[in-house]
Structure formats: C-alpha cells, structure tokens
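> One-letter residues, chain by chain:
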Amino acid sequence: MDTELALAWVREIAAAVERQEAQLTELDSAIGDSDHGSNLRRGFNAVMTALDSPEPTAVGAVLAKTGATLISKVGGASGPLYGSAFRAMGKALPEEKATTAALATALAEGLLAIQQLGGAAPGDKTIVDAWAPALAAFEQAVSQGLSAAAEAAAEAADQGARDTVPLQARKGRASYLGPRSIGHQDPGATSTALIFRALAQSARTA
Amino acid sequence: MDTELALAWVREIAAAVERQEAQLTELDSAIGDSDHGSNLRRGFNAVMTALDSPEPTAVGAVLAKTGATLISKVGGASGPLYGSAFRAMGKALPEEKATTAALATALAEGLLAIQQLGGAAPGDKTIVDAWAPALAAFEQAVSQGLSAAAEAAAEAADQGARDTVPLQARKGRASYLGPRSIGHQDPGATSTALIFRALAQSARTA
Amino acid sequence: MKKLINSPETVLTDALTGFAAAHPELAVDIPNRVIARAVRPERPKVALISGGGSGHEPLHAGFVGPGMLDAACPGEVFTSPVPDQMLTAAQAVHSGAGVVLIVKNYTGDVMNFQLAAELAVEEGIEVRTVLVNDDVAVEDSTWTAGRRGTGATVMVEKIAGALAERGAALDEVAAVAQRVNAASRSFAIALTAATVPAAGKPGFDLPEDEIEVGVGIHGEPGRRRERLRPANELAAEVVDTILADHDLAAGDEVIALVNGLGGTPLLELYVVYGEVQARLAERGIRIARNLVGNYVTSLDMAGFSLTLTKADAELLELWDAPVATTALTWS
Amino acid sequence: MKKLINSPETVLTDALTGFAAAHPELAVDIPNRVIARAVRPERPKVALISGGGSGHEPLHAGFVGPGMLDAACPGEVFTSPVPDQMLTAAQAVHSGAGVVLIVKNYTGDVMNFQLAAELAVEEGIEVRTVLVNDDVAVEDSTWTAGRRGTGATVMVEKIAGALAERGAALDEVAAVAQRVNAASRSFAIALTAATVPAAGKPGFDLPEDEIEVGVGIHGEPGRRRERLRPANELAAEVVDTILADHDLAAGDEVIALVNGLGGTPLLELYVVYGEVQARLAERGIRIARNLVGNYVTSLDMAGFSLTLTKADAELLELWDAPVATTALTWS
Ligand SMILES: Nc1ncnc2c1ncn2[C@@H]1O[C@H](COP(=O)(O)OP(=O)(O)O)[C@@H](O)[C@H]1O
Ligand SMILES: Nc1ncnc2c1ncn2[C@@H]1O[C@H](COP(=O)(O)OP(=O)(O)O)[C@@H](O)[C@H]1O
Ligand SMILES: [Mg+2]
Ligand SMILES: [Mg+2]
Ligand SMILES: [Mg+2]
Ligand SMILES: [Mg+2]
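Chains as they are written, first to last, in this note's numbering: chain A, 1 to 206; chain P, 1 to 206; chain G, 1 to 331; chain E, 1 to 331.
Note that these hints are calculated values from the structure, not bench results.
Here the structure is a predicted model, which means the values were calculated and not measured.
We treat Cβ as the ideally placed atom computed from N, Cα and C, and that holds for glycine.
Treat the hints with care, since some could be wrong.
[Claimed, not checked] No more than 27 Å apart at the CA atoms, straight line, and that leaves these computed lysine-lysine pairs for DSS-like:
no.	chain 1	residue 1	chain 2	residue 2
1	P	K65	P	K91
2	P	K97	P	K65
3	E	K2	G	K201
4	E	K310	G	K2
5	E	K201	E	K2
6	A	K91	A	K65
7	G	K201	G	K2
8	E	K45	G	K2
9	E	K201	G	K201
[As the list claims (entries may be wrong)] Covered stretches of chain G (chain E as the covering partner; in silico rule of three or more C-beta atoms under 8 Å from a C-beta of chain E):
no.	region
10	45-51
11	130-139
12	263-276
13	294-307
[To be verified] Heads up, incomplete: computed chain E residues facing chain G, CB under 10 Å, no partners named:
no.	residue
14	N6
15	T10
16	L16
17	F19
18	P41
19	E233
20	G262
21	Y270
22	V271
23	N290
24	N294
25	D300
26	A321
Take the sequences, apply the hints, and build the full model.
Right, here's the structure in full:
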C-alpha cells in the first residue's frame, strides 16, 4: 500500500459512509440512539478536509491523521474506537509504503486499540465482530497479495456483521436493551464491514 | 311550571349534557379549546348534588341554585353566562309556581343577563343565537301552554344553533380564528338548544 | 391520548396535591384551588392575584412568591377559574392595601374575574383589574373578543410584583401593570396541537410539514396554516409581525421572552432565541433582558411564542428586583 | 419531523449561538463547544467539568455557574463530546487545584473523557474522573456496559459544585461526587420516542396505549413495553423498582427529582410527584428536598424519570448551598 492507495481507501470509506448514512442510522435507531450514520459522516467529512491540506506523504501519516481527525470530530463510541484504530494503524506503518504483511500487522494493531479502549470481546455485538474475522481472513490471504487479502477481509467482515444479528449485545448502548438487542445487526460491525469493503474496492482499482 | 317540573328540567339538562358531552367538546375543539362538554358536565353534576340537599321548594329557588352552582363550578365562558342566566331566571320567578307567561319573562331575563355579561348580539355566533330565537318562539306560543311553547322554543333553538354554522364568530374564543370559524356550529348555541330541548321534554312528560 | 395522569377529572386536584407536597413554602388550598404565599406581609402591601385555566404551567402558580404574585387561582384545564377561587384568594392575601387582579383577556377569564371583583368589593376589599392582551395574532377590533393575553403575563406579574413588594399604592401597582402590558406584544407558532385530557385527542390535526401560525395557548387553531420552514425564517416572521404592531425603533431596548409551548426542547428554543436576537439586532433593537424556556405553556403543544416588552430604566430596574418563586428566581 | 431548527447539521452551533446571546454572564466558545464561567475564581479552586451529548438540556450547560459546574462540553445530539472539548474546557477553567470530570456512564462518554483526561494530564493538569451510573433499569453486570448515568447527574454536579466552591481539595470533591452517585438511583418511563434531528424520525414506534419502561435518555427503547396505566400505578412501580435496588429504610430522607424527559407538561410532572411522595411516605421515607421539572431531558420525549438520592446532613447542607446557573438558582 502506498500513500495514494491509503488516500484512496480513506476516500472510499468516506464515500461509502455518505451513501450508507441512512442505513447505518436506521440500524442504530433499532438498538441505539440513531446517530451512527451521522457520526461517521461528520467524521469522514472532516477527514476529507484534513487530508487535503497538507496532503500526507506516507501511508502511516494518512492513517494517523485519519485517526486523529476521527477522535476530534466524531465523539460517541465510534469516534474514539475508529480513531484509535486508525491512529494505531498509522503508528504501525512508519515506512512510506507498506507491504501487505505490514498492513496485516497494522490491522491487528487497529483491533488491539479497539479492544484496549472498549474492552469488547468477539461475540459482544460490536465493531470487534467484524474487524476480528476480517483481520483473520486478511492474514490468511496475505501471501495472495493486497487485492485478494482485502477481498477476503471484506467478505469476512460482511459475514461478521451479519452474524451479529442473533447476538445479544454486551457492550455499548445496545447492551441496555438486554435480550431486545437480539435480532438486529450491529451498526458498528456494519460500518466496519464497509471500511474493509472500501479497502478491497480501492485495492482492486489501484 | 312547579318545583317538580323545574327540577325535572334541570335533571333533564344534566342527563342531556352527560349524553352529549363528547359532541359538545368535539364542536369546541373545532373552533375553541375542547372543553365545553366537560365544563357543562362538571357544572351540571355539581348542580345535581346541590339540588339534592336540601331540595329547593320553589321554582325560583331551583333555578337560582342552579345558576349559583354553575357560576361556582364551571368557569370558562359558559359558566358565568349560563350561571347568570339561571340566576336571573330564578330571581324573576318569586312565586312558588310559575305561569307560562312568567316563565317567558324569566327566559327573557336570562337572555338579558347573558347579553349584559357577555355583550354578544345576535349573529355573533354565541349562546345568544340559540337563546334569542328560542325566547321569541316561546313568547309567541305562550298562549298555547307550556308544553307547546317549550316545543316551539326547542325547535327554534335547534334552528338557531344550526344557523350559527355559516357565521363568523365575533365573541368568545372562536373569534380568534377569524374567517376560519366559519363552517362550524357554535358549541354554546348547541348546548343552549339542548337546554330548551330538555325543557320541552320535561314539559311534555310532566 | 398518552398522559401521566390518573384521570381527566382529577388531574387538577392531583397536580395541586403534588405541587403542595413539593413546595411547602407555599400555602396550597387544594379544595378551593388557591395557591398563596404562606407568609403574610409584615406591613400592608398591595396583593397581586392572577389565575386562569390550567395547562399553562408554570403560569400562574409557579409565579407565586416574594417579588411576584401573592396568590394564583388555577381553573380546570384551559378553563378559567370560578369567581369563588379569586374571592378566597383575595380574602387570604388581602392585607389592607387592596388587590390587583391580573387577568388574561379571554371571555371566560374576564367574566369570572369580573364576578369575583364584584364579590370582593362586597367584602370591602378594594380591587383593580388589569387586563393582559398582548397577542398580535388577534386583530383588536369589534370583530373579536380582543387580543389574547399570553407571554406578557410574565412581565406584568414580575414587574408589578416588584413594585408591590416595595410598598407602592394600589393605583401605582395597577398602573405599572397596565404600562407593561401596553409595552408588550406576543406572537406564537405551533408545530403540533395540544391534547386536552378531557377531550382525549389533539385540538386539531396538522400534517407532518405544516404549522399553525398565530396560535393561542388553548389548543385552538391559529390564524392560518403554513409550511414548516427553518427556524431562522420562522423567527424572522414572528419578529417582523410583532414589530409591525409595536412602536419599537432602532436604539430601543426590550425584554424578550422566547417561550416554549410545552413540547419543544430547550435546545430548539435556544436556536430560536439566537435567530430572534439576530433579527432584532438587524433592526437596531437590543435585548436588554431575556427569558428562554417554558413559562406560558399549552400542555404538550410543540412550538414557541415570542414576547417583546419595550423597556425603560424603571421597568428594567423592577425586572431586576429579587424574585423567589418556583419558576422564576433571582436575587 | 417537525423541529425549530435550521438544519440537523447546524443545530448545535445554532443553539450555542442562542445560548451565548442569552447568557452573557457565561463564556461560550462556540467553535470549540465549551461553555464556561466568564469570571475566573479569585483563589485556586477545584474545577468541575461535565459534558455529554446534546438534547438533554438544560444538562449540562444550564448547570454552569457559581455553586455548580465550571464548564460544560456539549457533543452533537445524543453523541458524547470529543476529547478536544474537555481539554479546551480544562485549560480554560483550571486554576491550579485540579479538575474533576463528571461523566455519565455511556461507552462513548467514558472513552472520550478518558482520552481527554490523558491529554489534560499531559498538560500538567491533575484530573479525577467521577462516573455517574444511577439507572437501575440496566442490570449492572458483565452483560452490559454498566448502568447509565441519568438524573443523578444533577445531584452530583450540585453537591460536588458546592463543596468545590468552599475550597475543598480535589480528592474531597471527587469523593463527595462519588458518594452522591453511590447514594442515587433512577428509573424512567417513556410515553413517546425522541426524534433525533439527523435521523428525522422517532427512535421507536409506540402504539397509542403502550409505554416503554426502563428507558434511557438517548431515545433507545427501554427494557420492556407495557400498557399505559394511571400515573399513580406508574409512579408506584417506579418507586418500588428503585427501592428494590436502594438501601433506603423507613426513617430515611431523600432528595427527589421528578424529571420531565422533554415533552411532558409540568402539570403532569406534579401529578407524578404527588404520587411518588405518597408512595414513599407509605414506606416511611421522607422527601427532604425536591426538584420537579425538565432537568435531564431526551429531546421531545414524553415521560418522566425519578431519581432518589439518600440524604444526610452533609449532603443536604451542600444541596442547600447557593447556586446561580441558568437552570438552577437559589441563595
Ligand atoms: N466497547 C465497544 N467496543 C467496540 N465497539 C463498540 C463498543 N461500544 C460500542 N461499540 C460500537 O459502536 C457502535 C455505535 O456507535 P455510535 O452510534 O457512533 O456511538 P454511540 O453508541 O455513542 O451513539 C455500536 O454499534 C458498536 O458496534
Ligand atoms: N360573549 C359571549 N356571549 C355569549 N356567549 C358566549 C360569549 N363568549 C363565548 N360564548 C359561548 O361560550 C361557548 C364556549 O363555552 P366554553 O367552551 O365552556 O368556554 P371557553 O370558551 O371559556 O372554553 C361558545 O361556544 C359561545 O357560544
Ligand atoms: Mg449511536
Ligand atoms: Mg371551550
Ligand atoms: Mg375553556
Ligand atoms: Mg450517540
């Protein structure tokens, strides 16, 4: 992954969030507080502005700036979680370009940051339930190159998000609903799937 | 009219108000504040209690007590208006029994009280628009006896109430609506029709 | 209808029971429906009594206390109180200096207070009646019952209350109340209708994208229906409507009340206040004092009213005087 | 959706603009979204900072002022503020005696305040964080994010604010805040859902005769749905639910908050207060102090929450200490 691809990835996330805002908010209104879509849109809009001036010149800088901007602009649960994840990924990629293996490590650092801050385990019906399987799939496919690894990760993230439907939430706002959280797809896991889908998308067209 | 008939009249009004409460409130919600039915029900419920102990022993006393109770229990526009009308009618009937002619005079005193307190003229879309024609019809039929006179008055009051539909209100709460008050039957004129209908009813069965 | 009540018949008694329990510093006569200060004045002072239908809380009970009203008489929901209440209140708080009745201009209120005044005078109490009629949505002509009394009631009760507290004479207190009313104009917009408990459903139906312009506080429809527009446009329209009727010029100062009608979040009222302030600033009019919140409500109605009172040094000084009521407190 | 706003995107900025215009006695940093006292303390004092999503007004901005908070950080509607806001606030109000962050227990709030605390510590500011988690509707177990912070925030901010005003040390102020929180329990019932401006429609649909029991203040559904019942039954259920979780016994005293969620008329809140008071009296528990009104709202949601804080002489004395904020004032 080079700087351009990193930029393309983040731009693709921003575009996807813009497109899916209503769907994310709809999911969040079922088991949360109806703001996940607008939170992420606000955050990635700010990221787009932040990445414009000055444009970062390394993969790590793109991701770190994305993370820092999300932390300062989103709020809520998803802001610090995604923000810390991107910041951790940025920190894990000190070279100007990143190999696919290095990106795998960075994605693992991202997950670690999410879990350290939020304390969620797989099965808690959170971002982790999409990010963890995506990471595993990415790692397994690293040898096949970025595009294939990213595609596998996107598939796994999608599946992970869908698999949150029958879960009872144990973290975040949805946990307040107790058993009533069952039967709904987790908004955060859904946006994570969208992040990995964006990675696959930009890796393919790169 | 003797004491018994006066009591029967007021009881019949109370029963009619009870039956028609929702309709009166419905009319009041179109051009007023949705309380005419509950106002009158509260008032006549209190009147029923007041007339029980001790039961008045003269026509005038029945009507005066009815009026005083309405004034102390209803509030709003209709409370003082109907209250003053009944009080004035009571005052106009000092004998134990009242001839039909005397009752005509009393009804006229009632209207006078309403107009003195409220300042409404015919055509203003108020109680006056039912009471005035009812009084006129009653006066014209006095020689035919109470039952016929009351029946004529009830007819005229009904007609008067219906005739308020095309009027624009110039008094009371409905006047705030300006031209939007047109097309609705006045709640107060409607309850006046009900008062005269109750008179006819009790005169017939007496 | 969804309401936190026991029954429409008992709502007033139940609310008074709660009010009495919550505010032991006030004397609440539940059967007679009178809320009065518990402590009698040391020297005779002019007593201020107001009242009106319930459903407009904190008006009027929330304004009883040092610096404002001496007593309040709540009627049934949206129904003016009965004369007996005002008589009981007058007897309770009259201390020899006379009573000012502050009456919002509605047919029912006017008539019931008039009967009450007659009764009080018979009891030897000197009475002045001040009508509040600030709502410019109603054309004041022989074609209506006259302008309604709405938000200006707060200014009238606060300022007259302050003057009474200082020991002013009956006619002075009545005069300042009249002066505040004359210097005040209001206008309201509703986004939803109020639901009277006894009626069980909203007073009118309003489509998702329409508003009622020029509403009162009794759930009655307004002068006309319009499309819902952004807050800045609505605020500008309300300001302009009031200014068209008010003798306010560049350089003037006002006391402004951005009042919630009951169902509108404070967040939105502050949005409106910002727009009102900006529009007035464009016209060179400065808001010297303000209130933002639910003061003269209409049950659960969503929407707001704006009241502007032209201020001068005397009125501002009286406005700033200490007040200690359940809904308005400063020192 | 009907709201008095210019657009969902600008609602917070627009409301802050209005708030700043209405309250010149406060320093409102609109771009950074920080409301602080305009006057710095003469001697170093512990600074109290709180914050949270918007839509709960008057919480928290309405509680900034002498005797209560030093600064508030409003996030987007129902979204916790970002760490930069709390850092800016801490820099603005820190006077050398340290900062107490009062955080309602929600995942987002906890994480953003945690990041903020780290940043403040890096700047050399001593920080204590106090979590408010009073909502008994949420079982406090490994199965949830823990109990939510709701109405008790008012008691925590008031009482800790009073102690800070007296010059108490950082740990003392944090300790009393924790003690108030530990002594407090809340429970809420909603009659309607809140509508988040950006979402454009209510968070949930509720049939005409049903209520959500055990709701939070973010428009999320509650623990279960029930039929609407009379206020006395609902009040009794809420009281009993709280008592089942609280160590309150006959003879104890409480501070009680009957809190409107935004769309419920004050008239109804007083009905509820009366029923709450009666139920507690049956259990031998006396309400020593009370608040009835909209303090911790959820936009336009209809319903109420009850908060009971077990009181002792020290807490009552701090509760009674003077406070001068836009939403809570006494002397
Ligand atoms: N502790 C946690 N760890 C990981 N993800 C979490 C945690 N808590 C919440 N989330 C995620 O955050 C999402 C909600 O984000 P958002 O709606 O933006 O924030 P908020 O809940 O503060 O409104 C949830 O759907 C969930 O996936
Ligand atoms: N000035 C008046 N003279 C005669 N009748 C009036 C007057 N003002 C109002 N009314 C009558 O009162 C009725 C409304 O009564 P009600 O609903 O009980 O009182 P309110 O208007 O105070 O709510 C109107 O329909 C009208 O007929
Ligand atoms: Mg959310
Ligand atoms: Mg009416
Ligand atoms: Mg009425
Ligand atoms: Mg949120």
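> All hints, please: hold or fail.
The hints, checked one at a time:
1. K65(P) with K91(P): 10 Å, holds
2. K97(P) with K65(P): 16 Å, holds
3. K2(E) with K201(G): 19 Å, holds
4. K310(E) with K2(G): 31 Å, violated
5. K201(E) with K2(E): Cα-Cα ~9 Å, so holds.
6. K91(A) with K65(A): Given that 27 Å is the threshold and the Cα spacing comes to 10 Å, the pair holds.
7. K201(G) with K2(G): It holds: about 9 Å lies between the C-alpha atoms, which stays within 27 Å.
8. K45(E) with K2(G): 47 Å, violated
9. K201(E) with K201(G): 21 Å, holds
10. 45-51: Since 0 is below three, the answer is violated.
11. 130-139: violated (count 0)
12. 263-276: holds (count 13)
13. 294-307: holds (count 7)
14. N6: N6(E) check passes; min Cβ-Cβ to chain G is 5 Å, inside 10 Å.
15. T10: 9 Å, holds
16. L16: With a closest approach of 8 Å, the L16(E) hint holds.
17. F19: 5 Å, holds
18. P41: Violated: closest Cβ of chain G sits about 20 Å from P41(E), beyond 10 Å.
19. E233: With a closest approach of 9 Å, the E233(E) hint holds.
20. G262: 5 Å, holds
21. Y270: With a minimum Cβ separation of about 4 Å from chain G (threshold 10 Å), the hint on Y270(E) holds.
22. V271: 4 Å, holds
23. N290: 5 Å, holds
24. N294: Cβ of N294(E) sits 7 Å from chain G, so the hint holds.
25. D300: 6 Å, holds
26. A321: 14 Å, violated
Violation of the numbered hints given earlier is confined to hints 4, 8, 10, 11, 18 and 26; the remaining hints are satisfied by the structure.
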